[in-house]
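Asker: Sequence:
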Amino acid sequence: MVEEEYLSQYERRLQDSLVSLCTAYDMMGGVLLENDDIECKFTESMAAPYLTDAVREYRAYPEASMAWAAYLGMAVAKIWDVDFPAYQSLEYKDLQGPRGFDDLDEQIVMRVLGYELDSEPARRIADILSNCAVEALTMIRHEHIEPQSPRAYYVFARTVQVMYRIGTSMELFLLGYKLERLT
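Read left to right, the sequence shown gives residues 115 to 297 (the working numbering).
Bear in mind the hints are in silico, worked out from the structure with no lab data behind them.
Do not rely on the hints blindly, as some may be mistaken.
Stated by the list, open to error - Derived CB-CB ranges, DEER-like:
#1 Gly-290 <-> Gly-214: 30 to 36 Å
#2 Asp-232 <-> Ser-122: 39 to 45 Å
#3 Leu-289 <-> Ser-244: 17 to 23 Å
#4 Arg-170 <-> Glu-234: 16 to 22 Å
#5 Ser-263 <-> Ser-131: 21 to 27 Å
#6 Arg-170 <-> Ser-203: 22 to 28 Å
Stated by the list, open to error - Below, computed lysine to any residue pairings styled on SDA-like, alpha-carbon distance capped at 25 Å:
#7 Lys-207 <-> Glu-153
#8 Lys-292 <-> Ala-138
#9 Lys-292 <-> Val-145
#10 Lys-292 <-> Thr-157
#11 Lys-207 <-> Ala-138
#12 Lys-207 <-> Ala-174
#13 Lys-207 <-> Asp-167
#14 Lys-292 <-> Glu-234
#15 Lys-207 <-> Thr-166
#16 Lys-207 <-> Thr-157
#17 Lys-207 <-> Thr-137
#18 Lys-207 <-> Glu-171
#19 Lys-207 <-> Val-169
#20 Lys-207 <-> Asp-195
#21 Lys-292 <-> Tyr-201
#22 Lys-292 <-> Arg-170
#23 Lys-207 <-> Glu-220
#24 Lys-207 <-> Cys-154
#25 Lys-292 <-> Asp-151
#26 Lys-207 <-> Asp-217
#27 Lys-292 <-> Gly-228
#28 Lys-292 <-> Glu-177
#29 Lys-292 <-> Asp-241
#30 Lys-292 <-> Ala-240
#31 Lys-292 <-> Leu-147
#32 Lys-207 <-> Arg-173
#33 Lys-292 <-> Ala-200
#34 Lys-292 <-> Ala-266
#35 Lys-207 <-> Ala-161
#36 Lys-292 <-> Asp-195
#37 Lys-207 <-> Ala-240
#38 Lys-292 <-> Leu-135
#39 Lys-292 <-> Gly-144
#40 Lys-207 <-> Leu-231
If you're wondering where the values come from, they're calculated on a predicted model, not measured in any experiment.
Here a beta-carbon is modelled for each residue, glycine too, at the ideal position from N, C-alpha and C.
Could you build all of it, start to finish, from the sequences and the hints given here?
Answerer: Take a look at the structure:
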């Protein structure tokens, strides 16, 4: 119970920090835009294969292993918005290119988001997601967690989930979604 409380508090702190960062870049409107369909897609069919790849790459490329989760969130949000039948059958492997995890970001930017890699929108997204990943890595390091411990894995998994949500929220924001109070 204490461990779950610790992980939940870590997750909230990280999410709040990244929402503030993305808002400062004008990539969010001060709140996390969430969608149960998109969140369930990650937990039900994408988290396990993504984490398998990301954990393997973490030592050499820690920022990429976190940032790619945000790209994944952006892709799922975009497909959910424009082609719901395709969203329903979407799997993690469908978003990968010929190099698998290594070019996941490029494949999503070009094939799903529809940007040229050297375009201003693609560079802007890469910049903010890089900054989010650096912020997340800094937070992980400040936790002083024993490397390769169960806690280290669970903190990383929570970080990946937050990064996925950040990507989802960014894309929903870019698509024009916003929270409005119902009266």
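Asker: Does Lys-207 pair with Asp-195 here, judged by a C-alpha cut-off of 25 Å?
Answerer: 20 Å, holds
Asker: Below or equal to 25 Å on CA atoms is what counts here, so check Lys-207 against Asp-167.
Answerer: 11 Å, holds
Asker: Are Lys-292 and Asp-151 close enough, with their CA atoms no more than 25 Å apart?
Answerer: 16 Å, holds
Asker: Is the Cα-Cα distance between Lys-292 and Gly-228 25 Å or less?
Answerer: Distance of about 22 Å is within 25 Å: holds.
Asker: For Lys-292 and Ala-138, compute the direct alpha-carbon distance and say whether it is at most 25 Å.
Answerer: 17 Å, holds
Asker: Does the structure keep Lys-292 and Leu-147 at a Cα separation of 25 Å or less?
Answerer: Given that 25 Å is the threshold and the Cα spacing comes to 7 Å, the pair holds.
Asker: CA of Lys-292 to CA of Thr-157, is that 25 Å or under?
Answerer: 23 Å, holds
Asker: Holds or violated: Lys-292 and Tyr-201, Cα atoms, limit 25 Å.
Answerer: 21 Å, holds
Asker: Can you tell me whether the CB distance of Asp-232 to Ser-122 sits inside 39 to 45 Å?
Answerer: 40 Å, holds
Asker: Lys-207 and Ala-138 were given as a pair; does the straight-line alpha-carbon distance stay at or below 25 Å?
Answerer: 33 Å, violated
Asker: Between Lys-207 and Cys-154, is the straight-line Cα distance small enough, at 25 Å or below?
Answerer: 17 Å, holds
Asker: Between Lys-207 and Val-169, is the straight-line Cα distance small enough, at 25 Å or below?
Answerer: Holds, because 17 Å separates the two Cα atoms, which is no more than 25 Å.
The earlier numbered hints that this structure contradicts are 4, 11, 17, 22, 28 and 34.
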